[in-house]
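Chains as they are written, first to last, in this note's numbering: chain A, 1 to 106; chain B, 1 to 221.
These aren't lab readings, by the way, just hints derived from the structure by calculation. One should not assume that every hint holds.
Calculated lysine to any residue pairs in the SDA-like style (CA-CA distance at most 25 Å, straight line) [stated by the list, open to error]:
#1 15(B) / 29(A)
#2 15(B) / 122(B)
#3 63(A) / 6(B)
#4 55(B) / 183(B)
#5 34(A) / 81(A)
#6 13(B) / 97(A)
#7 13(B) / 80(A)
#8 68(A) / 38(A)
#9 36(A) / 153(B)
#10 36(A) / 53(A)
#11 13(B) / 145(B)
#12 161(B) / 31(A)
#13 55(B) / 181(B)
#14 70(A) / 92(A)
#15 122(B) / 172(B)
#16 145(B) / 67(B)
#17 161(B) / 35(A)
#18 68(A) / 93(A)
#19 55(B) / 109(B)
#20 13(B) / 102(A)
#21 68(A) / 84(A)
#22 68(A) / 79(A)
#23 34(A) / 11(B)
#24 6(B) / 96(A)
#25 34(A) / 2(B)
#26 145(B) / 109(B)
#27 68(A) / 169(B)
#28 57(A) / 51(B)
#29 55(B) / 43(A)
#30 63(A) / 86(A)
#31 6(B) / 103(B)
#32 6(B) / 81(A)
#33 67(A) / 4(B)
#34 63(A) / 2(B)
#35 55(B) / 120(B)
#36 36(A) / 15(B)
It should be emphasised that the depicted structure is a prediction, and the values quoted were computed from it without experimental measurement.
For reference, the chains in residue letters:
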Amino acid sequence: MMDYEVNSSSNERNCCSCNSCMEDDRTREEMIMKIKEYDFSIIELGLYLDTHPNDEKALCLHKEYCKKAKELKDKYQKIYGPLTIYYPCNKWRWLEQPWPWERGNF
Amino acid sequence: MWTYNKVLEYPIKIKNRNPQLAKFIISQYGGPDGELAASLRYLSQRFGMPDQKAKAILNDIGTEELAHLEMVGTIVHQLTDGASPEELKQAGLGAYYTDHGWGVYPQAAAGYPFTAAVLAVKGDPIADLQEDLAAEQKARATYEKLIDLCADDPDVIDPLKFLREREVVHFQRFGEALRGVQDKIATPKFYMNSMNNMNCMNNTFNNISNECNNDNNCSNN
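Let's have the full structure, built from the sequences with the hints guiding it.
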């Protein structure tokens, strides 16, 4: 009993002490919402930079959101399948998740 | 080249079917100030732009409009999905159902199909960017009218508000691109050269053409 408790708490600590495990615990909806937020920030900063290409702060933010979006999309696609056909899979998972226009999708 | 992303630009989750609203909102899919017209307008005009910023902004806004086209299509789909033919008929979509069933067809609210006659590609950066500014304002006004008509459903109003805000941002960016093109055209060098030529012409008429060989003398006249 004691052993089990010790093991379980240490497993828990190992699992939750890293950020990547926390990320994995997110539901699909939470992840897709975050992806939308990052993608929107990138689109908005992109348009702004088209007419203000020398704005250092916007350039820095664009770089940061691109990095965050890429990391989260890699994580999402590993679990839920591809967001674009440029993500390789061992089986064709493009058909698995509902399409964006379908009711109940995010 | 484009890559499809299997996500909407902004979330749409409409709980209650409402084919009456779909009948109006479809205008932003294939109507005169709709997203299809916007996207085709910008993506076609970009080929004739002389300025790097103008090319980029038309390319990137034209691309975002395709994402908006998908959003409007999604709203129409979710408002009509599962409706019976009788329900569609009650909503004034009997004729639509006859020709298009539950598909989303690019048409205006009044029923006429999408036409490229609603957009222009003049091949002139000033004329085209001025048209784009007007197009964004007309789309903004259309979304406001649609929001008025959808007052009872927050699920529909929320994405419409997002789309309305994007029109305002696009207007801003097109304005900046237009100013860039105008500044380029109105550079002092271009202006002074043509003025010098005009002064030289006047001087010639005044029989003091010799002075025109010297630019300083010419401009002091």
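Consistency of the hints with the structure:
1. 15(B) / 29(A): 17 Å, holds
2. 15(B) / 122(B): Violated. Residue 15(B) to residue 122(B) sits at ~43 Å, over the 25 Å cutoff.
3. 63(A) / 6(B): Distance of about 22 Å is within 25 Å: holds.
4. 55(B) / 183(B): 16 Å, holds
5. 34(A) / 81(A): 16 Å, holds
6. 13(B) / 97(A): Status holds; Cα separation ~16 Å.
7. 13(B) / 80(A): 20 Å, holds
8. 68(A) / 38(A): 7 Å, holds
9. 36(A) / 153(B): 23 Å, holds
10. 36(A) / 53(A): 24 Å, holds
11. 13(B) / 145(B): 21 Å, holds
12. 161(B) / 31(A): Holds - the C-alpha atoms of residue 31(A) and residue 161(B) are around 23 Å apart, at most 25 Å.
13. 55(B) / 181(B): 11 Å, holds
14. 70(A) / 92(A): 21 Å, holds
15. 122(B) / 172(B): 21 Å, holds
16. 145(B) / 67(B): 21 Å, holds
17. 161(B) / 35(A): 20 Å, holds
18. 68(A) / 93(A): Roughly 24 Å separates the two Cα atoms, so the pair holds.
19. 55(B) / 109(B): 32 Å, violated
20. 13(B) / 102(A): Roughly 9 Å separates the two Cα atoms, so the pair holds.
21. 68(A) / 84(A): 17 Å, holds
22. 68(A) / 79(A): Distance ~17 Å between residue 68(A) and residue 79(A) Cα, so the pair holds.
23. 34(A) / 11(B): Distance ~11 Å between residue 34(A) and residue 11(B) Cα, so the pair holds.
24. 6(B) / 96(A): 11 Å, holds
25. 34(A) / 2(B): Roughly 23 Å between the alpha carbons, so the hint for residue 34(A) and residue 2(B) holds.
26. 145(B) / 109(B): Holds. Residue 145(B) to residue 109(B) sits at ~12 Å (cutoff 25 Å).
27. 68(A) / 169(B): 24 Å, holds
28. 57(A) / 51(B): Holds, at about 24 Å.
29. 55(B) / 43(A): Holds, because 16 Å separates the two Cα atoms, which is no more than 25 Å.
30. 63(A) / 86(A): 21 Å, holds
31. 6(B) / 103(B): 19 Å, holds
32. 6(B) / 81(A): 10 Å, holds
33. 67(A) / 4(B): With a Cα-Cα distance of about 20 Å, the restraint between residue 67(A) and residue 4(B) holds, given a limit of 25 Å.
34. 63(A) / 2(B): 21 Å, holds
35. 55(B) / 120(B): 16 Å, holds
36. 36(A) / 15(B): With Cα atoms ~21 Å apart, residue 36(A) and residue 15(B) stay inside 25 Å; holds.
Of the numbered hints given earlier, the model fails hints 2 and 19; all others are met.
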